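Listed in order, the protein sequences are those of chains F and H.
According to my numbering, the stretch in the first sequence is residues 464 to 629, in order.
According to my numbering, the stretch in the second sequence is residues 8 to 160, in order.
If you are wondering where the hints come from, they were derived from the structure by calculation, not from laboratory data.
Quick caveat, the model's predicted, so the values are computed rather than measured.
Be careful, since some hints might not be right.
To be verified - Covered stretches of chain H (chain F as the covering partner; in silico rule of three or more C-beta atoms under 8 Å from a C-beta of chain F):
| hint | stretch |
| --- | --- |
| 1 | 18-29 |
| 2 | 33-47 |
Unchecked claim - In silico BS3-like cross-links for lysine-lysine, where the CA-CA straight-line distance does not exceed 30 Å:
| hint | chain 1 | residue 1 | chain 2 | residue 2 |
| --- | --- | --- | --- | --- |
| 3 | F | Lys469 | H | Lys154 |
| 4 | F | Lys469 | H | Lys145 |
| 5 | F | Lys503 | H | Lys23 |
| 6 | H | Lys69 | F | Lys469 |
Every residue, glycine too, gets a C-beta built ideally from N, C-alpha and C.
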Amino acid sequence: MAQDSKQEYLHVTYNLPRPYRWSTGQYMGRTFREARDHKKIVTNRCTKCKELLWPPARVCGRCKVEAGQDWVEMSDKGTVVQYTYLVMPMWNPHKGERWANPYPTATILLDGGLYMLHFLEERDPKKLKAGMRVQAVWKEEGRGKGVQGIGDILYFRTIEEQEAKK
Amino acid sequence: MTHATEQMGAFVVEGKIDLPATFSVGAVASRFFIEIRDNKRIMGLRCPECNRVYVPPRATCKRCFGQLSEWVEVSDKGTLLAYAIAYQPNPAQPVETPIVYGIVQLDGADTGLVHILGEAAFERLKTGLRLEAVFKEKRVGNILDIKYFRPLR
Numbered sequence: 464m465a466q467d468s469k470q471e472y473l474h475v476t477y478n479l480p481r482p483y484r485w486s487t488g489q490y491m492g493r494t495f496r497e498a499r500d501h502k503k504i505v506t507n508r509c510t511k512c513k514e515l516l517w518p519p520a521r522v523c524g525r526c527k528v529e530a531g532q533d534w535v536e537m538s539d540k541g542t543v544v545q546y547t548y549l550v551m552p553m554w555n556p557h558k559g560e561r562w563a564n565p566y567p568t569a570t571i572l573l574d575g576g577l578y579m580l581h582f583l584e585e586r587d588p589k590k591l592k593a594g595m596r597v598q599a600v601w602k603e604e605g606r607g608k609g610v611q612g613i614g615d616i617l618y619f620r621t622i623e624e625q626e627a628k629k
Numbered sequence: 008m009t010h011a012t013e014q015m016g017a018f019v020v021e022g023k024i025d026l027p028a029t030f031s032v033g034a035v036a037s038r039f040f041i042e043i044r045d046n047k048r049i050m051g052l053r054c055p056e057c058n059r060v061y062v063p064p065r066a067t068c069k070r071c072f073g074q075l076s077e078w079v080e081v082s083d084k085g086t087l088l089a090y091a092i093a094y095q096p097n098p099a100q101p102v103e104t105p106i107v108y109g110i111v112q113l114d115g116a117d118t119g120l121v122h123i124l125g126e127a128a129f130e131r132l133k134t135g136l137r138l139e140a141v142f143k144e145k146r147v148g149n150i151l152d153i154k155y156f157r158p159l160r
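Isolated chain F (complex conformation) (with noise of 0.2 Å):
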């Protein structure tokens, strides 16, 4: 096929959407009504080993019994425990392109003891620390869409401390 190596080629482009729906179900969800209406971080205490359960379940995964209604309420302040500074984008599961992570990821210690792995608001990498104080600052009324739970969450900013640390 003696084609002219010049020529124009066409492409076509197009996207098909996959829409779905999940449910978080009865535990998930109490965080997440606690997380719209109140913008609490809350989370539920195993029974019998008295550990906290993240994300919120049913049945502790160590003891293997029903987890029950122990509800915890945690600050919203908490120390970083350990921090990535991405540079490198990843793909954005929802959009299926590279995604650049505006924020550094951190493991963060709630006052109250739950391990949750969220945003930091401070993109300096020099400034960022282990063991430095931070304060989850929640998405304004309507800026998230429906319900997020922990999504309303928008990042964890680093905060000043003048009292006695822990």
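Could you slot chain H onto chain F? The hints should help.
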């Protein structure tokens, strides 16, 4: 929106995943659509072995299996070989229902081109009807650059 699970204290979360994709239409189809877009010419590929002219063009002859490279221009007028009327709406359909789909054999071609018919009263439709292509004013390089085929007056 009250879902059964929400009465139990759960939430139903809406999500959406985009699946973007791009494909190349290939050398033969690219040339076919570019000729329509730039020159309002409908081109076919002729097989030198059996003399059949393929519209829409294809890279190989389906009888002789040889590579085709001889481009010929065919007329924008042709004959209706078959038609069907679709009433059921479907997101994949290019225009609003009811749609008349037709297979048109253009003068100079030996194969049928599937397209839509316009400006045609349903009771006038019958096989053998003479048709002509109506091109769009603004053409972008796809099959709908031919707006539709209409009965020849």
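- Can the restraint linking Lys469 (chain F) and Lys145 (chain H) be considered satisfied, given a maximum Cα separation of 30 Å? holds (24 Å)
- Task: Between the stretch 18-29 of chain H and chain F, see if three or more residues pass the 8 Å beta-carbon test, and mark the coverage as holds or violated.
- Result: Coverage by chain F holds here, the residue count being 12 at a Cβ distance below 8 Å.
- Take the C-alpha atoms of Lys503 (chain F) and Lys23 (chain H), compute the straight-line distance between them, and say whether it is at most 30 Å. holds (27 Å)
- Pairwise hint evaluation, Lys154 (chain H) against Lys469 (chain F), where the allowed Cα distance is 30 Å at most: This hinted pair holds, its Cα atoms lying about 29 Å apart.
- With a cut-off of 8 Å between beta carbons, are at least three residues of the stretch 33-47 of chain H near chain F? Our answer is that it holds, as 8 residues pass the Cβ test (under 8 Å) against chain F, meeting three.
- Please work out if Lys69 (chain H) and Lys469 (chain F) have their alpha carbons no farther apart than 30 Å. Distance ~27 Å between Lys69 (chain H) and Lys469 (chain F) Cα, so the pair holds.
Hint check: no violations occur; every hint is consistent with the structure.
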